[in-house]
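From first to last, the protein sequence lines stand for chains Y and R. If you're matching positions, the first sequence starts at 1 in our numbering and goes up one per residue. If you're matching positions, the second sequence starts at 1 in our numbering and goes up one per residue.
Hint data in this document are derived by calculation from the structure and do not stem from the laboratory. Zero decoy hints are in this set.
With a straight-line cut-off of 25 Å between C-alpha atoms, the simulated BS3-like cross-links for lysine-lysine are:
1) K58/Y / K78/Y
2) K107/Y / K44/R
3) K58/Y / K42/Y
4) K59/Y / K107/Y
5) K42/Y / K44/R
6) K44/R / K104/Y
7) K27/R / K42/Y
8) K107/Y / K42/Y
Derived DEER-like restraints, expressed as beta-carbon distance ranges:
9) S27/Y / L115/R: 41 to 47 Å
10) K57/Y / M26/R: 19 to 25 Å
11) D17/Y / R78/R: 44 to 50 Å
12) S27/Y / R14/R: 44 to 50 Å
13) T65/Y / E18/R: 44 to 50 Å
14) Y76/Y / R20/R: 38 to 44 Å
Note that beta-carbon positions come from the ideal geometry of N, C-alpha and C, so glycine has one too.
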Amino acid sequence: ILNVEQSPQSLHVQEGDSTNFTCSFPSSNFYALHWYRWETAKSPEALFVMTLNGDEKKKGRISATLNTKEGYSYLYIKGSQPEDSATYLCAWNGGSQGNLIFGKGTKLSVKP
Amino acid sequence: NAGVMQNPRHLVRRRGQEARLRCSPMKGHSHVYWYRQLPEEGLKFMVYLQKENIIDESGMPKERFSAEFPKEGPSILRIQQVVRGDSAAYFCASSPPSGQFGTQYFGPGTRLTVL
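Next up, chain Y with everything else stripped away, as it sits in the complex (with noise of 0.2 Å):
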């Protein structure tokens, strides 16, 4: 069974707070990892496609990397704001066609 596992299920962070959480998947079969942000009701939406061992991508405060050998991949929020608040999503895609297969997801909430 493949697995994409998200840790932690859920943060609670100050506003100004930097934060961090870990998105673990196959280390076989690697084509890509994919970061969506996911507002409740929204579309989510496309943060990063990652593709190289090392990669680091960047947008904002927000970043990422990648480590294809171990199978994880760091998603990094700097100085978080209220409207980071939101589900981040990763998403392995194994070289089966489109298939996406998804983590549960990490609930972020950021208080004023």
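Chain Y is already provided as a structure; the job is to place chain R on it using the hints.
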């Protein structure tokens, strides 16, 4: 450029009825993917289609579920003789011709409730 459109956003059906969910991909996108989110679960892949072709249906239940993406018009996910266990949120995503391994752009989902 309009995003991925799904309709209806909410659909209520009684057991035994048919549900038809529509997905219009982003302009220029020829790859469509359907995912399902059951209560308390993550998104699960169902099917991947290109125009007039099913590429991967490994996540589709063997019975009652079918999907199409015709040459013209939206992609349709059809569920025949719905049961209570089909109640879920169904999401469609699309990607451009170049990249079934690239970003998939998601629609807002259709929430199906089976009474």
